[in-house]
Amino acid sequence: MEFTPVYYLIPSLVMFCCGVYGFLTRRNMIAMLISIELMLNAVDINFVVFNRYLFPGSMEGMMFTLFAIGIAAAETALAIAIIINLYRVAKNIDVHDITQMKF
Amino acid sequence: MDITIPILILAIPLFMFLLLGLGGVKMSPKLAGVLGTLGMGTVLVLSYYTAFTYFFSGNPLFVDGTDRLQFVAFNQTWLQFTDKLVIKLGFLLDPISAMMLIVIPTISFMVHLYSLGYMHGERGFQRYYAFLSLFSFSMLGLVVATNIFQMYIFWELVGASSFLLIGFYYTLPSAVAASKKAFIVTRFADLGFLIGILVLSYYTGTFDFKTLCSNPQAVFSSFGGATFMGASALTWALVLIFTGGMGKSAMMPLHIWLPDAMEGPTPVSALIHAATMVVAGVYLVARLFPLYLLEEASLMFVTVVGAVTAFYAAVVACTQIDIKRVLAFSTISQIAFMMVGLGVARPEIHEGLGYMASMFHLFTHAMFKALLFLGAGALIHAVHSNNYTAMGGLRKYMPVTHITFLIGCLAISGIPPFSGFFSKDEILSACYENHIFWGVWMTMVAGMTAFYMFRLYYLIFWWDDPDYEERAKENAHGHGHASLPHDAPWTMTLPLIILALISIVDGFIPFGKFVTWEGHEYTIHINWLYAGISIAVAVIAILLARHLYIRKNDNPKAMADSCRWLWEAAHRRFYWDEIYLFITRRIIFDGICKPIAWFDRHVIDGTMNGLAYVTNQASSAIKGFQSGKVQMYIWWYLIGALILGAVTAVCVL
Amino acid sequence: MESVGSIIIYLIIALSIIVFSVLTVTTRKILRAATYLLFTLFATAALYFKLDYEFLGSVQIAVYAGGIVVLFVFSILLTTKPGDNSEKLASRSRALGLVGAVAMAGVAAWALCSRCADLFTALPSMQNPTMHQIGTAMLGTGYGQYLLPFEAISVLLLACIIGGIVVARKR
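Here the protein sequences come in this chain order: A, B and C.
Each residue of the first sequence is one higher than the one before, counting from 12 in our numbering.
Each residue of the second sequence is one higher than the one before, counting from 26 in our numbering.
Each residue of the third sequence is one higher than the one before, counting from 236 in our numbering.
FYI, nobody ran anything at the bench for these hints, they're computed from the structure.
You may find that some hints are simply not true.
[Claimed, not checked] In silico DSS-like cross-links for lysine-lysine, where the CA-CA straight-line distance does not exceed 25 Å:
{"no.": "1", "chain 1": "C", "residue 1": "K264", "chain 2": "B", "residue 2": "K654"}
{"no.": "2", "chain 1": "C", "residue 1": "K264", "chain 2": "A", "residue 2": "K102"}
{"no.": "3", "chain 1": "B", "residue 1": "K648", "chain 2": "A", "residue 2": "K102"}
{"no.": "4", "chain 1": "A", "residue 1": "K113", "chain 2": "B", "residue 2": "K648"}
{"no.": "5", "chain 1": "C", "residue 1": "K316", "chain 2": "B", "residue 2": "K654"}
[To be verified] Under 7 Å between C-beta atoms, here's a sample of chain A residues computed to sit facing chain C:
{"no.": "6", "residue": "E13"}
{"no.": "7", "residue": "C29"}
{"no.": "8", "residue": "I41"}
{"no.": "9", "residue": "V54"}
{"no.": "10", "residue": "M74"}
{"no.": "11", "residue": "F78"}
{"no.": "12", "residue": "A90"}
{"no.": "13", "residue": "I93"}
{"no.": "14", "residue": "I95"}
{"no.": "15", "residue": "A101"}
{"no.": "16", "residue": "V106"}
{"no.": "17", "residue": "H107"}
[Stated by the list, open to error] Reference listing, derived: stretches of chain C covered by chain A, where coverage requires no fewer than 3 residues with Cβ under 8 Å from a Cβ of chain A:
{"no.": "18", "region": "250-259"}
{"no.": "19", "region": "267-277"}
{"no.": "20", "region": "294-308"}
{"no.": "21", "region": "333-342"}
{"no.": "22", "region": "355-369"}
{"no.": "23", "region": "377-384"}
Here a beta-carbon is modelled for each residue, glycine too, at the ideal position from N, C-alpha and C.
With the rest of the complex left out, here is chain A:
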């Protein structure tokens, strides 16, 4: 048995779809944020896998993943700051109840 890229891509695809499902169904904002992290991770895995299999001599995929992790950290931190602020105002972080921010 030989591990080809598809062996790694299928778990990544499942992970991504779980992220999509969670993002569509969960109403807690933090849960939605967690789903976003799942999707980001799935994408990171893809970068790494393709880098490893198709271009083993270079490091583009890996560097990209490194930066993506950095950006994800920043994004999460900011999103959580917003959520906490929202919670302070609305005493609630259910996205269905927070519809007034469209203005």
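Following the hints, position chains B and C against chain A.
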């Protein structure tokens, strides 16, 4: 010559305009009037000083032996666009501008003084004086222009102040209409002027009068034989420039604004629409005369337009009822005289006699026409009506006005020794010398001038003897004050007397010594054959008028009835206004403007409105999408992403 | 031919990624979701190790598992009250979400299949990127070097720190 005085001549009226225009409301009317009059008086002294220095000092700057020179006091670059397209502002002294420096401040000062009495108690008295100062500034700037573009700028300023003053009583619809009419008609003519300037300067590469006029042959050769529709480009340029002059000087067919311009206050009519502004066209042609001499055709055009206008205006003037209208048409006629004088002038005929005569007539006409208008103002002031039907027998009530008005009539009719005789006689001589046809034609017009002026005179001062006491009593019920017609206060009679004295003596000025077309001195010698003819014609015309109008009778009415259609046509000014209205309303408005307006309103606006409507409808239809529910947004985003992904997968991969 | 140990390790990684991902989005308790996410991230880090990217795996553990998940836990503790930490999901919205996820998976699988040849290449041999190489790549300006993104990220992080303080502070 020091440049301080030329600058002051222009700066004082401008300063007065700004002072009275901006600060006038804070002043009492009397202070504003006195300030304006004093400012104009200062300008009067300064420009007399300038003109007399120019004519009599013998300074080699101004005169070379017997030739008078063009002297540029200053010439400042104002706008520099390219190497050649440079617009300068300056002060040019030469015989005609020096003469205008006498005429304009004199008349303007008289009018300032007169208005103190005439406009007393009017609303907007300060505004009136501000506009008068603006006009004086623009007119002085026009006559001393060193280049044709400066002239054009001040030309437009003059037009603007004329517009403001005609519309002075802006609560009257007729005044508003008249001011609009004057503005539009003259602006239409100025379009031709501008195109003419552009053509001329395109070929010659200069705006400067001195460059243009000192070497006309170079100008001619710079055109290099360019032609357009059979006439040379130079002819076109000159005719188009003359079009501007036609508008300002009310030549046919652009004369229609001048009679209506009499809606303005009477002193304004005297200043702007009789003595100074309307001769700007004549001045323009005189200024560019060396160029006109290059093209006989353009001078011929000037002559024909002038002759036709002179005759037309004289005929119409015989049938008008409003005394200011009569004077307006006589103004048109007399300006046409000047135009003809310029048109028939040739250097080989007595050193350009027509040119000198035209300028002479401009000078004398300014004086006696201002006198007549101011006299008419006094009459209107006394009887509160513009029509001679409300007057008659006034000689007993207003002796000063009567005598001065009579002097004005004698002067305009060309009776020696009054001034009009000398200048008009020179014009007629020039016409005869050019061609006998013009001589006879203009002599006939001169006779008609004498007739209609004395018709007016007799109708006002003799004719009927209405019961003014009765009328005064009736007025007393209406207006609360009863008074017989009487002479005006001294501020109004003094200018009349001064102008009358000037009109008596200024014919004896040896004008040829001062103003000739190349600056050579020229001694006027009256040709008694032509003079005799014109005197005889004038005297016959006056006697005819006396016979018809000395006392009330039915002959004039019978004469009019015998030739009703002609009288009616003349009274309606030969339907020029109706023709214009027909052309503008029926042809231009209905035929061109309305379809354009329809197109604009329905097609262009419709497109825009349709776009706005569609946008509006579409956004109100889809506004539900923005629900604020984040997960709905995600759904739409996901669907879009899936569709895009599917399309990519199917089509590209 | 892979060794048996390698196969077992792969199976553990793949199964834990799949199982914990699914559990992350299906559990009703938000704190548990964060915990499952932690396990998923650990499994991902293990996958990086298996693919010979040791540095990346360590970063994954340090930043994601160590930093972000802790952040999640803290925010969850701050924003939930005892008793309402479970939410009920309507079966309709669950079904709709499932449809969306499956459609997503279908499109992605289709796209993958169109590059079949690439999907079945053997694992090529590779020199593990050393720390020296990574450091040079990150701080160099030549081809394949990333100083500019590195600086951009640093500025972004600074902006996020300031932004986070400004947004979350008490007024």
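Consistency of the hints with the structure:
1. Proximity of K264 of chain C to K654 of chain B is assessed by CA-CA distance (about 23 Å); at most 25 Å being required, the pair is judged to hold.
2. For the suggested pair K264 of chain C and K102 of chain A, the alpha carbons sit about 19 Å apart, so the restraint of at most 25 Å is met.
3. For a cut-off of 25 Å, the pair hint linking K648 of chain B to K102 of chain A is broken: about 28 Å separates their Cα positions.
4. A threshold of 25 Å between alpha carbons decides the hint, and for K113 of chain A with K648 of chain B the separation of about 12 Å falls inside it, so the pair holds.
5. Proximity of K316 of chain C to K654 of chain B is assessed by CA-CA distance (about 23 Å); at most 25 Å being required, the pair is judged to hold.
6. Below 7 Å, beta-carbon pairs count as interface contacts, and E13 of chain A has one with chain C at about 6 Å; its hint therefore holds.
7. At a threshold of 7 Å, the smallest CB-CB gap from C29 of chain A to chain C is about 4 Å, leaving the interface hint in force.
8. The criterion of a C-beta within 7 Å of any C-beta in chain C is met by I41 of chain A, whose closest approach is roughly 6 Å, and the hint holds.
9. Look at V54 of chain A: its Cβ only gets to about 11 Å from chain C, farther than 7 Å, so that hint breaks.
10. At a threshold of 7 Å, the smallest CB-CB gap from M74 of chain A to chain C is about 5 Å, leaving the interface hint in force.
11. Below 7 Å, beta-carbon pairs count as interface contacts, and F78 of chain A has one with chain C at about 6 Å; its hint therefore holds.
12. Because the smallest distance between the Cβ of A90 of chain A and any Cβ of chain C comes to about 9 Å, over 7 Å, the interface hint for this residue is violated.
13. Interface hint status for I93 of chain A: upheld, as the beta-carbon distance to the closest one in chain C is roughly 6 Å, under 7 Å.
14. For I95 of chain A, the shortest C-beta to C-beta distance to chain C is roughly 5 Å, which falls under 7 Å, so the interface hint holds.
15. At its closest, the beta carbon of A101 of chain A sits 10 Å from a beta carbon of chain C; the interface hint therefore is violated under the 7 Å criterion.
16. With a cut of 7 Å, the hint placing V106 of chain A at the interface with chain C is violated, because the nearest CB-to-CB distance is about 11 Å.
17. Below 7 Å, beta-carbon pairs count as interface contacts, and H107 of chain A has none with chain C, the closest being about 10 Å; its hint is therefore violated.
18. With a cut-off of 8 Å between beta carbons, the region 250-259 of chain C has 5 residues touching chain A; three or more are needed, and the interface restraint holds.
19. Coverage of a stretch by a chain is defined here by at least three residues with a beta carbon nearer than 8 Å to that chain's beta carbons; for the region 267-277 of chain C and chain A the count is 5, and the condition holds.
20. Coverage of the region 294-308 of chain C by chain A holds [criterion: at least 3 residues with CB-CB distance below 8 Å; count 8].
21. Only when three residues or more bring their CB closer than 8 Å to a CB of chain A does the claim for the region 333-342 of chain C stand; here the count is 6, and the claim holds.
22. Judged by the Cβ-Cβ criterion of 8 Å, the region 355-369 of chain C is covered by chain A as claimed, because 10 of its residues qualify and three suffice.
23. Coverage of the region 377-384 of chain C by chain A holds [criterion: at least 3 residues with CB-CB distance below 8 Å; count 3].
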